[in-house]
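Undergrad: Using the hints, position chain B against chain A.
Heads up: the sequence lines are chains A and B, in that order.
First residue of the first sequence? That's 1 in the working numbering, and the numbers climb one at a time after it.
First residue of the second sequence? That's 1001 in the working numbering, and the numbers climb one at a time after it.
Because the hints were derived from the structure by calculation, they are not lab data.
The model shown is predicted, which means the values in this text are computed figures rather than measured ones.
Mixed in with the good hints, there may be bad ones.
To be verified - Among the chain A residues that face chain B by a calculated CB cut under 7 angstroms, a handful are:
{"hint": "1", "residue": "Ala28"}
{"hint": "2", "residue": "Ala31"}
{"hint": "3", "residue": "Arg172"}
{"hint": "4", "residue": "Ile227"}
Using N, Cα and C, we set each Cβ at its ideal position, and we do this for glycine too.
Single-letter residue listing:
There are 2 protein chains.
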Amino acid sequence: MKRQRTGIQGELGAFSQEAVRQLLGDRAQVAPYPTFEAVFRALRAGKIDAAVIPMENTLAGSVHENYDHLLHFDVRIAAETNLRIVHNLIAAPGVRFTDIRKVYSHPVALNQCLKFFAKYRKLERFPFYDTAGSVKMVMEQRAPDAAAIASSVAAAIYGGTILKRSIEDDRRNFTRFFLLYSSKKLPAPRPGKEWKTSLVFTTRNTPGALFRGLAAFALRDLNLTKIESRPLHGKPWEYLFYVDFLGRENEPRVQNALRHLAEVADFLRILGSYPPGR
Amino acid sequence: MKRQRTGIQGELGAFSQEAVRQLLGDRAQVAPYPTFEAVFRALRAGKIDAAVIPMENTLAGSVHENYDHLLHFDVRIAAETNLRIVHNLIAAPGVRFTDIRKVYSHPVALNQCLKFFAKYRKLERFPFYDTAGSVKMVMEQRAPDAAAIASSVAAAIYGGTILKRSIEDDRRNFTRFFLLYSSKKLPAPRPGKEWKTSLVFTTRNTPGALFRGLAAFALRDLNLTKIESRPLHGKPWEYLFYVDFLGRENEPRVQNALRHLAEVADFLRILGSYPPGR
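With the rest of the complex left out, here is chain A (with noise of 0.2 angstroms):
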């Protein structure tokens, strides 16, 4: 079997990695984008065979961008897996925790530490791009009183020290990622029992015609995981509509459903089948 050459946004060791091992096994071909519009842009080039991208996590919520790239992008998801999110404070070796003044990390990985940084008041933050990114960065500069949080996979690639492990505030911190490919070179699923399907849609606007819509699934059973709402560019105060519920697109009762919904619905796009993430 050939090689995948899989996209990421982020650096070599970033969150996307991990899940990139948890989807397609540690043989995947990871290659680096520094933003998700160009991992998208590489997919529909063919420059790569597929892309893992975050949709969502337990504590930030949606990563909005990405629900608008699935839109305008022509990619299907063949699969979804849930990271764990494990923040850990790395520096360069022989550096020890009690030289550590400044701590640099995404954002959103700083405010999710935010119960260590109040137990060691004498640690200062430094918002950079990237996670793994942070520890690359640390480690070059060999900084005798810096240190990153990131991931283990971020230490192991850059040679960093783990100084302190899971120092995340609430271990319920997940991210759920997509595996994409392109439309026209979408995989033969694997066989499976249970399955996810994801859609977008937009309603007419006319009262109750989001509750109709909803209606194609709740009349046939069919359980919605999620509903995801995003603005409709040209419309002000319209909204595209993302759902995810179970079931698979070819079965009897979902093709009812899809049919139903598209009586109502003034579009609506199909973005994949795929097995439930643990």
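TA: Quick look at chain B alone, frame taken from chain A:
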């Protein structure tokens, strides 16, 4: 009538200050704070009488942080307004457009003027923490080759010259603001014919729960104007739903809908009834 002190996020001249003027008139006294959380804290501490806070933009979507603050601080919505966002290129007096090489503004504002930057390729973009703050900085430095993108109010406050007006890509660019009071200090509502009500609820985690919640409105012909989901902390993959609908809390039909919703919701809080913004 005593002059109210109204808190906003950002420097004087921010779009929030225009929203204060739309909501409370020219005489309202504005108190700027560096973060949204600082505004909510000041309101709770009684340092300000009211707050004017952006909730959503028709291009960028909801300001999710502020939806979280609505829940965590004990506030009520007294009014809303929709402000058209007009971006202007502003420089120090005497600086000509042909001199400009650098343009500073908030990243969201820079991203909403992409056609302008595509037309004038000599202009380099520099992200800044705040639109009005970028005008203040350009004026303080008397930069001969720099300009800022911000509101006409910011140009007036800091004495800048508007070199190009309305450079935003899309004129259907509106931001919706709430006027908030501490729950205990909510003033008596003005008389009005039309009303909108905002609330937040969680459903039991059972199939069709959201559908049953929305039925409370649909069965009474109450028109939903917005639904927004946010993650429920401590319960991964469960959500809070923020709903706006047309109707007033004390109407019998709305009272019935709220009682019905309370039957199927685990948690329900009314955030306020107010006249719909134009």
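Undergrad: Was the hint right that arginine 172/A lines chain B, CB cutoff 7 angstroms?
TA: 5 angstroms, holds
Undergrad: Under 7 angstroms, Cβ to Cβ, is where alanine 28/A needs to be relative to chain B, so tell me if that hint holds or is violated.
TA: For alanine 28/A, the interface hint is violated, since the closest Cβ of chain B sits about 25 angstroms away, which is over 7 angstroms.
Undergrad: For the hint on alanine 31/A, just tell me whether its beta-carbon gets within less than 7 angstroms of chain B.
TA: 25 angstroms, violated
Undergrad: Hint isoleucine 227/A vs chain B: min CB-CB distance below 7 angstroms?
TA: Interface hint status for isoleucine 227/A: holds (6 angstroms vs cutoff 7 angstroms).
Of the numbered hints given earlier, the model fails hints 1 and 2; all others are met.
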